[in-house]
Each structure stands twice: as C-alpha cells, then as structure tokens.
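Peer 1: Could you build all of it, start to finish, from the sequences and the hints given here?
Residue numbers (the working numbering), protein chains in the order written: chain F, 1443 to 1792; chain E, 1443 to 1792.
Don't read these hints as lab results, they were simulated from the structure. This one's a predicted model, so the numbers in the text were calculated from it and none came from an experiment. A hint or two may mislead.
When chains are identical, the list treats them as one kind, so a pair holds in a single copy or across two.
With a cut-off of at most 30 angstroms between alpha-carbon atoms, the simulated DSBU-like pairs for lysine-lysine come out as follows [to be verified]:
#: 1; residue 1: K1474; residue 2: K1529
#: 2; residue 1: K1529; residue 2: K1572
#: 3; residue 1: K1449; residue 2: K1761
#: 4; residue 1: K1526; residue 2: K1449
#: 5; residue 1: K1529; residue 2: K1577
#: 6; residue 1: K1633; residue 2: K1761
#: 7; residue 1: K1761; residue 2: K1526
Protein chains: 2
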Amino acid sequence: MLQPSDKALVPFVSVDDMMKLVHHIGIEPMLKGIADYIEADFRRWELFDKTPRIASHSQEGVIELMPTSDGEVYGFKYVNGHPKNTKEGLQTVTAFGLLADVNTGYPVLLTEMTVLTALRTAATSAMVAKYLAPKGSTTMAMIGNGAQSEFQSLAMKAICGIDSVRLYDIDSAATDKAARNLAGMGLNVVKCSTAEESMEGAQIITTCTADKQCATILTDNMIGSGVHINAIGGDCPGKTELAPAILHRSDIFVEYPEQTRIEGEIQQMEDDHPVTEMWEVISGKQAGRTNPEQITLFDSVGFAIEDFSALRYVRDNIKGTELFIDLDLLADPDDPRDLFGMVQRASSEA
Amino acid sequence: MLQPSDKALVPFVSVDDMMKLVHHIGIEPMLKGIADYIEADFRRWELFDKTPRIASHSQEGVIELMPTSDGEVYGFKYVNGHPKNTKEGLQTVTAFGLLADVNTGYPVLLTEMTVLTALRTAATSAMVAKYLAPKGSTTMAMIGNGAQSEFQSLAMKAICGIDSVRLYDIDSAATDKAARNLAGMGLNVVKCSTAEESMEGAQIITTCTADKQCATILTDNMIGSGVHINAIGGDCPGKTELAPAILHRSDIFVEYPEQTRIEGEIQQMEDDHPVTEMWEVISGKQAGRTNPEQITLFDSVGFAIEDFSALRYVRDNIKGTELFIDLDLLADPDDPRDLFGMVQRASSEA
Chain F
1443 MLQPSDKALV PFVSVDDMMK LVHHIGIEPM LKGIADYIEA DFRRWELFDK
1493 TPRIASHSQE GVIELMPTSD GEVYGFKYVN GHPKNTKEGL QTVTAFGLLA
1543 DVNTGYPVLL TEMTVLTALR TAATSAMVAK YLAPKGSTTM AMIGNGAQSE
1593 FQSLAMKAIC GIDSVRLYDI DSAATDKAAR NLAGMGLNVV KCSTAEESME
1643 GAQIITTCTA DKQCATILTD NMIGSGVHIN AIGGDCPGKT ELAPAILHRS
1693 DIFVEYPEQT RIEGEIQQME DDHPVTEMWE VISGKQAGRT NPEQITLFDS
1743 VGFAIEDFSA LRYVRDNIKG TELFIDLDLL ADPDDPRDLF GMVQRASSEA
Chain E
1443 MLQPSDKALV PFVSVDDMMK LVHHIGIEPM LKGIADYIEA DFRRWELFDK
1493 TPRIASHSQE GVIELMPTSD GEVYGFKYVN GHPKNTKEGL QTVTAFGLLA
1543 DVNTGYPVLL TEMTVLTALR TAATSAMVAK YLAPKGSTTM AMIGNGAQSE
1593 FQSLAMKAIC GIDSVRLYDI DSAATDKAAR NLAGMGLNVV KCSTAEESME
1643 GAQIITTCTA DKQCATILTD NMIGSGVHIN AIGGDCPGKT ELAPAILHRS
1693 DIFVEYPEQT RIEGEIQQME DDHPVTEMWE VISGKQAGRT NPEQITLFDS
1743 VGFAIEDFSA LRYVRDNIKG TELFIDLDLL ADPDDPRDLF GMVQRASSEA
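Peer 2: Right, here's the structure in full:
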C-alpha cells in the first residue's frame, strides 16, 4: 500500500488496549485520574460548547451523539442504550468516542468507550459524592448490580474512601456476580436480599437499574435523613427510578439542567423545580451539602463534558505506551487539492 | 490478547482500502452505483429521520455531525470544513462515517469518508442533473478546480453523458492539475482563463469554490437562459457563490429546505423564497425542468441521507472482498452484565 502520512493516521484504542491500559495504570488510580480530569473540566464549565445530546429513538432503544468542545479540542461520543440487548447476549450500552483538533478539524484520537464510559460514569459519581456525601461516609448501598456496579463501588472507595458496599439486585445472580468480582479488592462486600436491607447503615445510596420505564426503585419511606443519593439509572425520557416524594425532600444537583429535565429523575417534576448545577458547587459559587440532616441527590444522566474529560485522559495516558494502533482514517494527499490524483495513483499499487 | 467475539468487531474501511475499492469497481461504475443508492433513498425520503447537521463552529472552520436513520439502519458522518487548511498542507474537508443497526445500536461499518464524500457529492450532483439539466447536455463548465472537480466531471460523464468539460479556476495551477488528472478519461478537457470562457457552450455550470465567505463566482450577466447550475460551494452560513439576481431568475431545487436556507445559496433570499425539494421531483410529485429556456439551480449543501446511501453502498460492496479490517471497537463480554469481569480477566492476558 501507499504509506499514509502522519497526518492521515489517527491513534485508535481498541477494547483490548483499553483493558490493558486499565491494568497498566491500575483501576483505582485510573478512576482517580479520570475524576481529576472531570473535576478540572467542571471548573472551566463556562468555556464549553454545550448542547443536549442528539438522540435517535426507536422502539427498542436509542442511539445518541454527544458532542462538545472547549474551543481548542472537540470531542464526541457515540453511544446506544438498548435495555433488551441483555436478553440477546449483547451489551445494553456500547460506545466509542473521538477527539479532534478544533483548529484543523482533524481527528486526533478514536477509542472504544464502552469500558471508558463505565469508568467515567463511576468517576463522575464519586467526584460528585466527594462534594455532597456526608463527611466520613463509609458505606454505600449499591442497588442494581449490573455492568456499572463494580466500577461505582471501586470509584467510591478510591475517591470517597468508603470501605463497605451493600449489594442488592432484583436478580440475585447479578448480586452474586458483583460480589465475586469485588472479592479481594479491599472492600467489605455484603449481599442483601432487599433494597431496604442494602440501605442499612449506608450514607451513600447508588441506584443503577436498566429498565427503560418509570420504575420505583426507591420509595419515600425507605430514605432516612442525611444520606446522599447517587441516581444513575434514570437517564432517558420515560426512565426514572425514584418516587417523586423523595425528590421533594432532597436538594437536587445536576450536570446540565437542560438535559437533566428531559432525561433525569426531575422529568417527574415541574419544569422550574429548583436544582443546583454541580460545576457551580465545584467552583465554589454554590453550596453543596450544608448540614448533616440534608438529603442530597445527584440526578446523574451523563454529560458530554465527562466523556470529553475521559477522552483527554486517554489521549494523555497512551503516550509512550503501545496500547493503540495508528488507523489510516484520513485521506491526506501531498497536494490537498489533489484528492483525485491520490486515488488514481493508488491504482498502480493495488 | 483475548479473542473478541464477532459481535465486538466492526468492519473498518481505511483510506487505502477505499481507494482500492474505487479501482476494484472502477470509478465510473462506482459513481453510478452510489448515485443509484442515493436516488433510491430520495424515493423513500419520507421514511428518514431528518435533522439539520449539528455544527460546531470556530473561527477557523466547522466540525459537523450528520446523523440520519431509515428506521432499520442508523448512519452518521463526521466532517470538518477548514478552508485555511490547504495553506498548511491539509485537506479542507476530511470525514469518516458509521452505520449501525437500529435494533441493537451496534455499529456495523466504520469507514473513511473523505474519498467517499467526494464520490457521493459528485454522484448526487449528477443524479440531480439527470432530472434538471437540458436534454442532450454535452458540455459542463467546471468553475473551481479543487479536490471535487474531477469527481464532478466524471460523474456528469458517467450519469448524464457529457463529453466535454471546460475548466476554470482563479489559480491556473489548479486547472492544470485537474486537466492532467482528467486526461485520458474519455472527456474533451478545455482549460479556460476566465469564468466566462468556461461557460461558452456549456449546458451545465458547476461552481465549487472553497472560500468561507460570500463570494460572487457567478454574476447575473454571465448566465444565459436554458442552463442548469450545479452550485456546490455555497454550503455553510456566510458562504455563497452566486449573485442574488441569478437566484431570482432560477427555479431553485434543494435537498432539505430547513438546512439549505441556513447553509445554501438561498441564505441570501427571503425565508419563504420558493424552492422545490429534489425528492419530490424524483418521486414524480413535482416537476423538474419544464422548458428549455428555464434556468434550473441545484443549491446543493450535502445532506445526511446522501452519506447514508454511500455508506450502504460501501457496506454492500465490501462483502466478499478483503478491502476492510475487523476493528475491536465494541466490548462484548460473554455475560453482558459482567463488563467488569471482562476487564479483570484481561489482566491475566496482559
């Protein structure tokens, strides 16, 4: 083949390479590192182009594009959400992402993001819990023991210092799986047979279930004062996990209100229900937790800036490793106006 | 490495493989084939999810995502437009694209689209000219002899049967390049030193210049009756090529009015200036050219459905070839809920 020029080549991180990167760095240091990048980007929130994700809905699920830019770097993520996939042996969520140079429009990184999204979602939850959870939290209830649960548990350990996780899932096989995966990772893991049991002694309650419907994973009477609720699973229109009464008792924190009002738990509330943007808490413009009795709720739906941060982290951390390949993604003729000539010349090489 | 399952692998067509595909099929048959796919998709226009492209503008250019879906297949293109890139030895436009299965959300094709976009843009122009250009057109004026010009010329030959192309560019080196590339391709090629000269005897006038500004490539007095104008270069806000007086004398045909009113030549006109949608002409719902004196104008900006058609064409035509590689893009654990376990198990393989 014709040898493409450097400009034509885009580093590509496969699933295999991403998993190797996790082990190369270590999962807890990597969760911490991604959380640091996300926190840094939340601090400069106002810089970013922000737009709600562009969703293509079908009966079976959704395919979304989530773009953003800080003016120098552009990033987007492709992600699907198909709850019925699990029954067919497929992932509910798969994703890949890209960074590009705003100045030239040329992509500079293409990477799998199924594994990376799991890491950034957990890193975001824990980074936020650092600001909102009661001081000295030791125990998390983890309700919904699917693909995200172990990442959530380890991020809360690495970033918030919890030492115990109490697992509950409507399907005990999922709980068994999560407990098995978390064994020997430095957490006290307790399998619970009801949601109520999982919340005993927990200062942090994480809900992460995957039904594409309004469910009531938490009812009002389950929730005592002084907890932090990390609500991950209510993340698209028609999909919520919490009883509205809980929302009325909570101080609600969100990523990007325009998107959360469509996709988050607060889709159940009036359009002007008060919420606090996390970037303002992190920047010191708004208070986070102000007293120990307060119920704080992070109504998390996942925002493009978090993916952007995770992509930046990967770009910076694959340097000097062999955990990527160069992909011949961009046509780069010697004379930019001579694309046709480049195609013609390829013929003699074919 | 762990062997990824078939579901985790996405066929990837590199620039090198795309160029080989062009030569494997032949450029004129490939232009015809893509035009057939585009025409077929214009006939079922109403089926598609249509949304104007999602653009991220900067001082230097634009990065766009162009998604669409026919309900069974989802596609999108990433494309940049940076006119100043040429001066730095880079392409003004680079692109890549993806098809996915709506039912599962899983990507099924990733491909370079810089070369493919050049092909589909030319195929669209020629497919439209087949409906709008005067019967028996033999000669095209090609104004702007950059990366798109040879593709336009060959598509008009293959699909509309022209036998002569008259080249003009403000930079005669570009004209020389295009003439050199088109030599021996079965066209009578004439290099011209003014735009007026290029239009002598031409029934089809194609404008394709790349300045990101309102330019006046064609003035009113240059345009006689009975021609078809194929205006390619006016394709983003603030970028046009034609004098408004020409627009007033022409019957204007567009891809998707909501997008063309923002990006096309008609951004110079009132918001309700009458236009005809090409899908209606192709479906027989609206007339195309009705008399030989009429000036028809295709105000082309490029629409997501054309990329979708081109992606479908590539997907169908790489089957049975070796002109792609399988990319390990999607995480696919044996148990979909056990993403963490998959990551953990990769450690023993690292």
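Peer 1: State for each hint whether it applies.
Peer 2: Cross-check of the supplied hints:
| no. | hint | in the structure |
| --- | --- | --- |
| 1 | K1474 / K1529 | neither (33 angstroms within a copy, 42 angstroms between copies) |
| 2 | K1529 / K1572 | neither (35 angstroms within a copy, 48 angstroms between copies) |
| 3 | K1449 / K1761 | both (17 angstroms within a copy, 29 angstroms between copies) |
| 4 | K1526 / K1449 | between (41 angstroms within a copy, 16 angstroms between copies) |
| 5 | K1529 / K1577 | neither (40 angstroms within a copy, 57 angstroms between copies) |
| 6 | K1633 / K1761 | neither (40 angstroms within a copy, 49 angstroms between copies) |
| 7 | K1761 / K1526 | between (38 angstroms within a copy, 29 angstroms between copies) |
Of the hints listed earlier, those the structure fails to meet are numbers 1, 2, 5 and 6, in rising order.
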